[in-house]
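Trainee: Listed here are the chains, written in short residue letters.
2 protein chains.
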Amino acid sequence: MGVMPKQLPVLDPPTATMCCAPLATAPLTAEDAKDLAAQLKAVADPARLRLLSLMMANEDLEACTCDLTEALELSQPTVSHHLKKLTEAGLVYAQRREGPWTYYRVVPDALAGLANVIAPPAAATVA
Amino acid sequence: MGVMPKQLPVLDPPTATMCCAPLATAPLTAEDAKDLAAQLKAVADPARLRLLSLMMANEDLEACTCDLTEALELSQPTVSHHLKKLTEAGLVYAQRREGPWTYYRVVPDALAGLANVIAPPAAATVA
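Protein chains in written order, with our numbering: chain A, 1 to 127; chain B, 1 to 127.
There may be inaccurate statements among the hints.
Identical copies look the same in the list; a pair holds intra-copy or inter-copy alike.
Said to hold, decoys possible - Computed cross-link-like contacts, BS3-like style, restricted to lysine-lysine with a CA-CA straight-line distance of at most 25 Å:
no. : residue 1 : residue 2
1   : Lys-41    : Lys-85
2   : Lys-85    : Lys-34
3   : Lys-84    : Lys-41
Hints were generated in silico from the structure; no laboratory data involved.
Based on the provided sequences and hints, a complete structural model is requested.
Mentor: Set out below in structure tokens:
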């Protein structure tokens, strides 16, 4: 694996930027609908949902590429592809590197924002 | 448009059935990930997001196919196709018919459930 790099400093999560107000606030514009659909498409994949869940099930919301690859029984290139999609959507970020592995962490505010956009008004749900 | 049918009784929303616990509870199984991805895919489409938003922006969470077709500037068969996808995913239902039109309403608990599954633990988000 070559020379072991020094452990990198812990990175702050990227700022979560949400495209849109909650769906119930006002009819979504065509432009916002396109952006929101793209972010939801990044999540709407079985492997990517499992990756997010593996990170979120840890108290620190992160997981090592080594553990992610093993848990999903997928090749490392496939896992890297899915992590890239999630990173591009702003839902996870490469938090730190240890030797050949990278620790990925979810961007909690991005996922909370996404949940908030699709949630109906609280008054509409069964208590 | 043929004979005007009598107004149908208001229907109760179908019971919302969620496939999975919140992602942060425990690593998602492969089976649950497949079901959840299918439901998220139904939402991850610009036209369907706008349809949901048009319903949710009304206080009673419903909208007439006449208004939906006009607002999206799509053909009625296209709007019907998207409403069918959302209905199959358990996210909306045909609530009542008035003449040639149908009123569709969101299933609030299904959308709340979906939001709840992807939301991170409250402690992880910026207050």
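Trainee: Now tell me, hint by hint, if it's right for this structure.
Mentor: To see whether the hints hold, each was checked on the structure:
no. : hint               : result
1   : Lys-41 with Lys-85 : both (10 Å within a copy, 15 Å between copies)
2   : Lys-85 with Lys-34 : both (17 Å within a copy, 18 Å between copies)
3   : Lys-84 with Lys-41 : both (13 Å within a copy, 19 Å between copies)
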